[in-house]
Amino acid sequence: MTARPNLSWGRGIEIAAAWLLAILWLMPLLYAFWAAFHPTAYAVRFDLTAPLTLENFSRAWEYAPFARYFLNTFILVTMTLAAQFVLCTLAGFAFARFDFAGKNIAFALVLVQLMIMPEVLIVENYRTMSRLGLVDTILGIGLPYMASAFGIFLLRQTFKTIPRELDEAARIEGCSLIGVLWRVYVPLARPTYLAYGLVSVSYHWNNFLWPLVITNSVETRPLTVGLAIFGAPESGVNWSVISAGTLMAVAPLLLAFLLFQRQFVQSFMYAGIK
Amino acid sequence: MSSRAILTHVYGWLLLLPAAVLLIGFTHYPAVATLADSLFTVGTAVRPSRFVGLGQYHGMLDDPIFWKVMGNNAWFAVGTIPTSIALALAMALWVNGRLPGRGFARMAYFTPTILPMVAVANIWLFFYTPQIGLLDQVGALFGAKSHNWLGSPGTVLGCLIVMTVWKEAGFFMIFYLAALQALPPELEEAGRIEGASRWYFFRRVTFPLLMPTTLFVLVNATINSFKLVDHLFILTKGGPDNASSLLLYYIFETAFSFFNPNYAAALTVVLLAMLGLLALIQFGVIERRVHYR
Numbered sequence: 000m001t002a003r004p005n006l007s008w009g010r011g012i013e014i015a016a017a018w019l020l021a022i023l024w025l026m027p028l029l030y031a032f033w034a035a036f037h038p039t040a041y042a043v044r045f046d047l048t049a050p051l052t053l054e055n056f057s058r059a060w061e062y063a064p065f066a067r068y069f070l071n072t073f074i075l076v077t078m079t080l081a082a083q084f085v086l087c088t089l090a091g092f093a094f095a096r097f098d099f100a101g102k103n104i105a106f107a108l109v110l111v112q113l114m115i116m117p118e119v120l121i122v123e124n125y126r127t128m129s130r131l132g133l134v135d136t137i138l139g140i141g142l143p144y145m146a147s148a149f150g151i152f153l154l155r156q157t158f159k160t161i162p163r164e165l166d167e168a169a170r171i172e173g174c175s176l177i178g179v180l181w182r183v184y185v186p187l188a189r190p191t192y193l194a195y196g197l198v199s200v201s202y203h204w205n206n207f208l209w210p211l212v213i214t215n216s217v218e219t220r221p222l223t224v225g226l227a228i229f230g231a232p233e234s235g236v237n238w239s240v241i242s243a244g245t246l247m248a249v250a251p252l253l254l255a256f257l258l259f260q261r262q263f264v265q266s267f268m269y270a271g272i273k
Numbered sequence: 000m001s002s003r004a005i006l007t008h009v010y011g012w013l014l015l016l017p018a019a020v021l022l023i024g025f026t027h028y029p030a031v032a033t034l035a036d037s038l039f040t041v042g043t044a045v046r047p048s049r050f051v052g053l054g055q056y057h058g059m060l061d062d063p064i065f066w067k068v069m070g071n072n073a074w075f076a077v078g079t080i081p082t083s084i085a086l087a088l089a090m091a092l093w094v095n096g097r098l099p100g101r102g103f104a105r106m107a108y109f110t111p112t113i114l115p116m117v118a119v120a121n122i123w124l125f126f127y128t129p130q131i132g133l134l135d136q137v138g139a140l141f142g143a144k145s146h147n148w149l150g151s152p153g154t155v156l157g158c159l160i161v162m163t164v165w166k167e168a169g170f171f172m173i174f175y176l177a178a179l180q181a182l183p184p185e186l187e188e189a190g191r192i193e194g195a196s197r198w199y200f201f202r203r204v205t206f207p208l209l210m211p212t213t214l215f216v217l218v219n220a221t222i223n224s225f226k227l228v229d230h231l232f233i234l235t236k237g238g239p240d241n242a243s244s245l246l247l248y249y250i251f252e253t254a255f256s257f258f259n260p261n262y263a264a265a266l267t268v269v270l271l272a273m274l275g276l277l278a279l280i281q282f283g284v285i286e287r288r289v290h291y292r
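Going down the list, the protein sequences come from chains A and B. Numbered continuously in numbering that gives the first Met the number 0, the first sequence closes out at residue 273. Numbered continuously in numbering that gives the first Met the number 0, the second sequence closes out at residue 292.
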């Protein structure tokens, strides 16, 4: 009985700490919202009566070709994801269901990419792209990531859990190989596609170093690279406008995250433990 | 029968082919080409590239900037990894427990993870700006003098470390959360019946059981500390005087600002060797994870 007040004390401190950390963790983003929605004069004056404005957003939109950047990022993310789905499905299927010669070595070689991501090899990959004539193209940004070891690995694991009987039954029914893959394996692996899709989209929406290296014009630059140029001190844009631009760039992903929080967290979790 | 066996080989390789071409083209070939390039000098219009063997590596040993960025990488790793792992574990325990408003807390902890590093750097740049920045404004309230946080070699790395911990802790929380949810609930019940305090239970049961996750996160955090350089482009450009430059950033500069792709190749080989070493450790870790189950 005597231990009880002590216990709730400790518990209280713990809850307070958890909340304090949560608030601390939100502060930078909340601050960006504050700066973006108030006139520049209030950027560091936290006055609750400060007037709200959308002026910063319209100025950011005028300063930099954000519409174009959005389009570029959208094309990049969609193209990359579509190609990843196709390539990783085929390769994952091969590893899960075919005992071909050299399979284990091939799989080990695939896994190498988990460690050596394309952004580490920027110098050599830039050279390859210039030989292929793909420098400063959106395809050039996405191409090195399309055969994703992570995607192949995830789909292989999922396909392996699908009972072979289903597969054989479909074949007896007269399904072709690709038919079996499309009608049996792909539908059953839907949660994996969702998880991998969310991880991939957020990765490529946010990716910066390789797109920076390979692009040099407004027509190809994704949002992150555009934002870096826009936010550079040399550009002479003020804080409130930079905050507005930054929020615009992260808005779609942030909104998607807030709406589908559970799926996001579960997807990252699912992809993480595999 | 045997024709079917042959077909298995053919189908297997055909399915793998498209991915294999891209993987070889953008991972294996460039890794090997980097190694080859590092053995040559830069070719110019008047002087063609020539073979120098390990010459680039000898040069590297005498390059003070190389040692500087390696040191920075080490400090960056030491500064970010233990703190973000400890925070991630605390976050996961809180979010997994009966915390009031845990949905909100989980959202708050995880949000930095989905923001691009460039956007994060844009926001944090404002905190660190001398005089008008938030840090100096708050400091001024307590009579502190204005400080050029990102402009002084003494504080710049610390500033980047704080920001990176903020960005990454929520991501690592996810791994712990997954591991915690996989622990059998009977364990905690048994602990309660035995009268174990929460701290004792954590120290003697939960933490040891989470060890494989900790090792896994540790390796991933170390890999990230080598890969993550986006913020440098916004915040410091590696400065002042390379005080905040990291290896991958130095590679970028060497190749694309100083136009020395061959020295950049030699630096990349060092980076690859480091990542390879981590890969070996990682495979050891995964092995151990399997044993645990």
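Derived by calculation from the structure, the hints in this document are not laboratory data. There's no promise every hint is true.
Among the chain B residues that face chain A by a calculated CB cut under 7 Å, a handful are [claimed, not checked]:
id, residue
1, 108
2, 179
3, 183
4, 260
Here a beta-carbon is modelled for each residue, glycine too, at the ideal position from N, C-alpha and C.
Against the structure, the hints:
no.: 1; hint: 108; verdict: 6 Å, holds
no.: 2; hint: 179; verdict: 11 Å, violated
no.: 3; hint: 183; verdict: 16 Å, violated
no.: 4; hint: 260; verdict: 5 Å, holds
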